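A.B. asks: Okay, here's what each chain looks like letter by letter:
Number of protein chains: 2
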Amino acid sequence: MEIRLPKLNRADYERAQRRLDNLTKPRGSLGYLEELAKQYVYITGELFPSLPLKKHVYVFAGDHGVVEEGVSAYPQEVTKQMIYNFLAGGAGINVIARQAGAEVFVVDVGVAGEVEAEGLIKRKVCPGTKNFLKEPAMTRKEAETALQVGFDLATQAAEEGVKLLIPGEMGIGNTTPSAAVICAILDEKPEDIVGRGTGIDDQALQHKREVVAKALSRYQFKDPIDVLAKVGGAEIGAIAGLFLGGASRRVPVIIDGFISLAGYTIAQALAPEIKDFVFLGHCSEEKGAAKVVKKLGLRPIVDLSLRLGEGTGACLASIIVETALRILTEMATFDDAGVTKGNEFEE
Amino acid sequence: MEIRLPKLNRADYERAQRRLDNLTKPRGSLGYLEELAKQYVYITGELFPSLPLKKHVYVFAGDHGVVEEGVSAYPQEVTKQMIYNFLAGGAGINVIARQAGAEVFVVDVGVAGEVEAEGLIKRKVCPGTKNFLKEPAMTRKEAETALQVGFDLATQAAEEGVKLLIPGEMGIGNTTPSAAVICAILDEKPEDIVGRGTGIDDQALQHKREVVAKALSRYQFKDPIDVLAKVGGAEIGAIAGLFLGGASRRVPVIIDGFISLAGYTIAQALAPEIKDFVFLGHCSEEKGAAKVVKKLGLRPIVDLSLRLGEGTGACLASIIVETALRILTEMATFDDAGVTKGNEFEE
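Top line first, the protein sequences correspond to chains B and Z.
Heads up: the first sequence at position 27 corresponds to 26 in numbering that gives the first Met the number 0, and the numbers run straight through without jumps.
Heads up: the second sequence at position 237 corresponds to 236 in numbering that gives the first Met the number 0, and the numbers run straight through without jumps.
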């Protein structure tokens, strides 16, 4: 996989800054909306993107062998059941995508057993991962294939004119490998990162922490792909690939929740300059997310105590990115509107 | 003015809670979105509101005699110039309202001099307030009329089927009376509340604080309307009236920025139970806003460091309220989708 990212041009950022400073508002008064607009122009090089933005959500579905350790409040069959729900338009991400004007694609990258459903994108890397407490979750080859799936979907979307990418996921048990990946990549401790996922009790939480800690002590990791293979999952790899593929084509990608953060840490370990190509949609309520977000130095667009995943928070945030671009492109300038400029304090 | 508010029924809130708990997601996993949906149902009594919501933004424009003390970075003529910009669709609020599917109305409640423009709603209470450092900003009668303007527009909107109200404002200098109102109503100190407004420097900020402190020491206030009259402004009064009028018809109102908070404090002083009828759109960057928000115990829907006013932050937040209602009304239940319920931890 190609992971050299395009070089961005600071002049694009400054062009956006100049335009924003000429709009009929006190300079900087639209705060983080102005930052989002500048960053979007910096990533894409487009000062006047065509609106509404074409947005794709990819919901990567995968299963996890580690669920046999009792780390989730939901049974594994729910991964498959939810695929049908996504395809029927009834899940949280479908609803939010309708509000955002985004199209949702569902990708089987690692579901246990066969799933046949119209509209499902079939890119199965493995039939669920192995239980990483006992053996590596995936082979290195499977991990690389997972990355490639996300990468290819992103570059294909770029060809189709998509201007904003949103990674989503579904996979019962997937906060467990996500926590393991985050601990391994960012050198964090399981007690600070492992959380309740869909809603386990204190005892199960303690057990989940021990599972992650034991797994981490079991393996040596030689590189980020090795982490993904040994304690990750197919959807985490596909998400990492989506970040890299989007960035390679200068299409911004919005980080969603905890699993998305795990995918992002893999992508950033492979290509540190990726930070310039992404937005953070929100800060998940899952324990550990806030610490990771702080460590990575990212600012969430919204903060609504979400912990559903599926891409929901990032998709909601995409509306705010689009609003920022409307400001940039549709607001009148002082000259256009015949409004007198203020004598503002220069910070 | 009638300020008895309707009694809300806790059963409506619980009906929404039950529906949310049956949707295909871990219980509570949509965090504050679920709270917004429940609160909306509690206020309106409608479990399945018709979407998209009909939303009105009222931009109340007024001028302020206190600008002669040099408290703003912009000249007074900008109030009038911006009215034309609003009516032409080029201001920040117009752009955000297009994104939100909201209709914008511009109301002259207190602009200095005559303004003639097609589409302008003319409800002038006074031709700009007096300089409150020297004499009361308005008479009691003017303050009452300002409240009535907002109240009447809200009740008229309710008759027309509006389901969400957004107060906005424009008025060069209006952070100064807003700070004075907030200090008087909430018993705060000018040094904690007075901020840079559109962007004044340190020296002007110090002066602005002194102006507010002197004005506050000059007057005795006998009730909230007296505060509004002596150190407030017409648009602050109209905003307070909009909160009260919306609440009286069970139409939720979204608090915007600093001026909107000032209007809200007046409304709350007149009818403390109004807290149940409002949402806080965002937390303004204007100094003092964060303190006020904390004191009032309100949670902002977004936090994007905005300080433009006009209703921009509230209007942006209205998209998130609408998204919450889409979740409530459009998501599949576990039964509908054939998804197995989890065995979640009861908090």
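By construction, these hints were calculated from the structure, which means they are not laboratory data.
Among these hints, one or two may not hold up.
Pairs count within a copy or across copies, as identical chains cannot be separated in the list.
[Stated by the list, open to error] Result set (DMTMM-like, lysine to aspartate or glutamate): computed pairs, CA atoms no more than 25 Å apart in a straight line:
#1 LYS53 x GLU329
#2 LYS121 x ASP200
#3 LYS340 x GLU113
Everything numeric in this text was worked out from a predicted model, so none of it was measured.
A.B. asks: For every hint, state whether the structure bears it out.
C.D. replies: Tested hints:
Both within a single protomer and between protomers do LYS53 and GLU329 lie at most 25 Å apart by alpha-carbon distance, with minima of 18 Å and 23 Å respectively. When the C-alpha separation of LYS121 and ASP200 is checked against a cutoff of 25 Å, the pair qualifies neither within a copy, at 35 Å, nor between copies, at 60 Å. Only between protomers do LYS340 and GLU113 lie at most 25 Å apart by alpha-carbon distance; the minimum there is 22 Å, versus 64 Å within a single protomer.
Of the numbered hints given earlier, the model fails hint 2 alone.
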